[in-house]
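Input sequences plus hints: build the corresponding full structure.
Listed here are the chains, written in short residue letters.
4 protein chains.
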Amino acid sequence: MSKVRVGVAGYGVIGQRLADGVARQEDMELVGIVDVAPTLAIRALAEKGMPYRLFCAAPENMPKFEEAGIPVSGTMEDILSQVDVMLDATSAGIGRKNKELYVKHGVKAIFQGGEKNDVAEVFFHGYANYEKGVGKDYLKLTSCNTTGLIRAVDCLDRAFGVERVVVTIIRRSADPGDTHRGVVDLALVEPVPNHQAVDLMHIMPHVKATGVLVHVPTTHGHIITVLATPKREITKEEALAEFRKHPRIRVVRIADGFNSNAAMFRYARDLGNPRGDMYEIAVFEETIGFSGKDILFAINIPQEAVVIPETMDGIRACMKMQTVREEALALTNKYLGLKPR
Amino acid sequence: MSKVRVGVAGYGVIGQRLADGVARQEDMELVGIVDVAPTLAIRALAEKGMPYRLFCAAPENMPKFEEAGIPVSGTMEDILSQVDVMLDATSAGIGRKNKELYVKHGVKAIFQGGEKNDVAEVFFHGYANYEKGVGKDYLKLTSCNTTGLIRAVDCLDRAFGVERVVVTIIRRSADPGDTHRGVVDLALVEPVPNHQAVDLMHIMPHVKATGVLVHVPTTHGHIITVLATPKREITKEEALAEFRKHPRIRVVRIADGFNSNAAMFRYARDLGNPRGDMYEIAVFEETIGFSGKDILFAINIPQEAVVIPETMDGIRACMKMQTVREEALALTNKYLGLKPR
Amino acid sequence: MSKVRVGVAGYGVIGQRLADGVARQEDMELVGIVDVAPTLAIRALAEKGMPYRLFCAAPENMPKFEEAGIPVSGTMEDILSQVDVMLDATSAGIGRKNKELYVKHGVKAIFQGGEKNDVAEVFFHGYANYEKGVGKDYLKLTSCNTTGLIRAVDCLDRAFGVERVVVTIIRRSADPGDTHRGVVDLALVEPVPNHQAVDLMHIMPHVKATGVLVHVPTTHGHIITVLATPKREITKEEALAEFRKHPRIRVVRIADGFNSNAAMFRYARDLGNPRGDMYEIAVFEETIGFSGKDILFAINIPQEAVVIPETMDGIRACMKMQTVREEALALTNKYLGLKPR
Amino acid sequence: MSKVRVGVAGYGVIGQRLADGVARQEDMELVGIVDVAPTLAIRALAEKGMPYRLFCAAPENMPKFEEAGIPVSGTMEDILSQVDVMLDATSAGIGRKNKELYVKHGVKAIFQGGEKNDVAEVFFHGYANYEKGVGKDYLKLTSCNTTGLIRAVDCLDRAFGVERVVVTIIRRSADPGDTHRGVVDLALVEPVPNHQAVDLMHIMPHVKATGVLVHVPTTHGHIITVLATPKREITKEEALAEFRKHPRIRVVRIADGFNSNAAMFRYARDLGNPRGDMYEIAVFEETIGFSGKDILFAINIPQEAVVIPETMDGIRACMKMQTVREEALALTNKYLGLKPR
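Chains as they are written, first to last, in the working numbering: chain Z, 1 to 341; chain X, 342 to 682; chain F, 683 to 1023; chain Y, 1024 to 1364.
Rather than coming from a laboratory, the hints here were simulated on the basis of the structure. All values reported here derive from a predicted model rather than from experimental measurement. Careful: at least some of the hints might be erroneous.
Claimed, not checked - To spell it out: a stretch of chain Y is covered by chain X in this simulated footprint if at least three of its residues, at any positions, have a beta carbon under 8 Å from a beta carbon of chain X; those stretches are: (1) 1195 to 1204; (2) 1207 to 1216; (3) 1238 to 1246.
Just so you know, even glycine gets a beta-carbon here, dropped at the ideal spot from N, CA and C.
Dropping the structure here:
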């Protein structure tokens, strides 16, 4: 079988990692990436010797690429004639405009969390609703927080059933290096319910969810506290066993030094992961507690990379590479090196 | 009736505000404050013209006070011969040592949250267990987070009954100006249950409580999300009505700009409150939500000043100034300018 | 002599403090303040009982003020008919539009640092070029950093002559409570020369100045390191003596605990200054050093309040209340409680 | 020629990177690393499959390693019998104690910046005083800030001569993930002169240096502004040409997006550098300015990795692998992939 041909539009924080993720899928071919200007990410690509072909979506900026000595392989239209599916990780609002081109070229597309849901047919999460994406033309991925949160809740739900969820999201307010957003000495509160809870109910309609979101001055990972009501009483050991079996969840111990979002980032750097990225969310073992039947725990969401595996799942679904959920997830996990730990 | 004579040991973040609080109680006399070195707080006192008498608990440091031109009115023993009750806001561990002197001089004392509970006879919260403190010699106040949290929970509990509470505490990791602690770009997670939940159950034994505490890089107020299970179904309006009636709780609206711990601090500064302090906790109105019968809401705890009113209550209790809770609270509130808003 | 009648347009971080500053000048009358919406600052004014009259510059927002229970005394045109001079502290760009109204009503105006220089006849600093402002209709104040920097440089210049200045400005990236700007875990570098050096040369054309500006994640004060070349060799004692004589400069010692922008803020709070404000810049005594003939030192700029005294000077100049610089400065200082310490 | 056998004591932030640096030197053999507990760094090493052998310097902790499933290859004494030189990157104070063992085993050693200078015979910087280290038994490296600063100053000095230097060091106050230090919303000023200036004069005695150090709440790189007086007038182009020729200096442009310490870190991550590390300091091109003859510029110091190349130089010097400076530097640079860009 020939490889599925994939392009990535928008080579920012998410786009770079999507490109790397596709490059690791042995049954996919990364045709190239698209951007509009010689950003730091593009300059780094050039310094690495252009492992990916670059297409320019803003012809008026071609002189800037030339001046920077960055080779360009063509235009947006050029790459669209060579791919089966585009991963659109452009800024919010651009994806919707790009979609017209995708439709024109008969190219499927997967949009990231910034776009509104109605840009796509299905609001998608690899683990929670893979089947809904099979064969569809346009998917929209859950955002980073929602992706990680659903991973944990879906994990418990498939094992024990989950009836409701109440979350507090302690959100990093900027990505590392961001200069266009961020707060200083501030914990900023948003109205209830937070969109992640609403999104969770969209993907998992049998769960009642609500929560509060608070922005804080950190860059390396969201922390979410989750209170979940399982269908039956469960023990800490049962919950831990399920989390540990999950290839995209790491159970870590505060006592071992995994005490924060930054410790998780440091560990990923020390592992030698490219960019210090981690695909897995972490469950802090010592934060698992109970209030009556309800289980409480805290997770870390590495916001830069967490959506990559589920987006790979999305390619598998929309391209019908695998129609059975478990087979698709297993392949994504295998190629990304994800396994129970 | 002659005024109750009060001293304050430790003129730091809390001690300064305790002294100001006592000075505003018309039925108390602030005899003086005690410290060991010419700190910034003491220097500010001197620049203001020594509105409070200063006693020095470290005779070896007297030359430093002299060099700084700060008048000293005597020693620790001197002040102990002139007071009925000491408010001990010294660093953790010092209070226990000071207690020997208090016992020796037959002086009552109220210790702040840093000390271990067994330093005192009663673990005290003005609103939640005033009666327990009446006539006792040694009280220990709840810490800042616990004081504010109990205020909110006790408020609901007296109106509707509360069966259980699950909290996420987003804790400021340093006070403004602190150089001896603090985290950078980090959200640090602690094991479940957090001590505030345990302390809440100590004070309100009929409530089951647990929760997670996360340290973040802010200085102006803890944010706590509270999920509380009332004894019966309540509405948002009912909850709001109770919060609004409480003289030590402000209901604020995110839509009006009260969106964060820092906004509350800014508002208190703009009000002209000394030091930009606020005694009241805030409930963010738009964070009130429901998950089944459970009520969810977020509060702001102004950590520097929040314990002052309950400490004033403590003086009233241990000195038997009022034996009826409502009368004591009403007087503290009146003198501190606290009223429903 | 009747009092000079002053209005303040824009009741934000600077406008609030300008209003307070005017209210303290015994030879001025604060006619009122102007704003467009019931911000937190306006709500605080209302909670304080409206010590200042409020005029509304956005009639369409009147219902919002009504809903919030905030009394409004009239429109922008109303206040313009009652004042001699307006202090315009509106957002950048608004002042220029307001100027048309000021011209129409024959009202003088002083614009804050955010406006472009050409909005006014004179780029003004109370200490450095008072004479230039005398009798003029429109002044523009130097920005917070420049105001504080010039204070220190002018102080040395008048005593010893200063030939050149090289600065590193470590700029706070947000005011306390700001949610619309700020950086997280970032020190952001700007091209040389920074605008403060350029502005200094505008005000003090005999000094050569350049420097670098770096934005950092703090809210309480800019720190500037200054390397200045005096006309003759000077000693640390000589420099200290001049700084100490200056009513708007505080010489502080790191050894005493004045070690940071935040320590200065904490001290101002502990002094009981409204809002924890400080009009004075601080020179950290132990940072005074020499490199050959050049003198090095670090200063703290309390960005929220530092421009207030020089703006009061500006009123005195443009209204010809005093034509002699020293007399004007002395009155501003007296009414603001500024004196050598 | 057989390879020089190297061990690393202390597998923390610096030790990890030293080990990686040695492993890249084709004429050296990394015998192993030493630590006392199963830290996150050691756990990451284990998860990577133990590419380096681990020796345990705290026999009492062996059960902890066992429990964590981390294989240990021996004790401190074991590794000392197998190496020619130890790189000691233990916490301050431990290196001095370790030195007794090094002496006992006849092993040379290079200490990192935390130790006091008198622990070694020579205070060493690869570029600035290579010759002094040749054949010596004990070297102490300059600290991260000083290493980077000297690189830049030495670069100009060799080309044009440098007479004096005045610096402002904007110091990151914690490494990523640190929980034991850090400041929140604070710029903390230290007395003049900063130790880096003093250290620079130690290494480059013909240069007069002073400066101020300010701690800020960032984790990714120190920013230093340097004012240097060259022996003759130079142009921006001349300076740039020298910086660009230097294999351990990157000239970057703010206009291209390299605007901060965090942008440099992000770029290093995007380059795929292990841990997102960068050995090179950066000169921000647009910060180069002049004040008379003096040249001003700002540099970024990636504090986690900057000392690695100079430590490799140190091995070459003390082991007399190369007696000629240029040959040693060229080999280190070649193996670390450092070249003019």
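These are the hints, each one checked on the structure:
1. 1195 to 1204: Per the Cβ count (7), the hint holds.
2. 1207 to 1216: holds (count 4)
3. 1238 to 1246: With 3 residues in contact (Cβ-Cβ under 8 Å with chain X), the coverage given for the segment 1238 to 1246 of chain Y holds.
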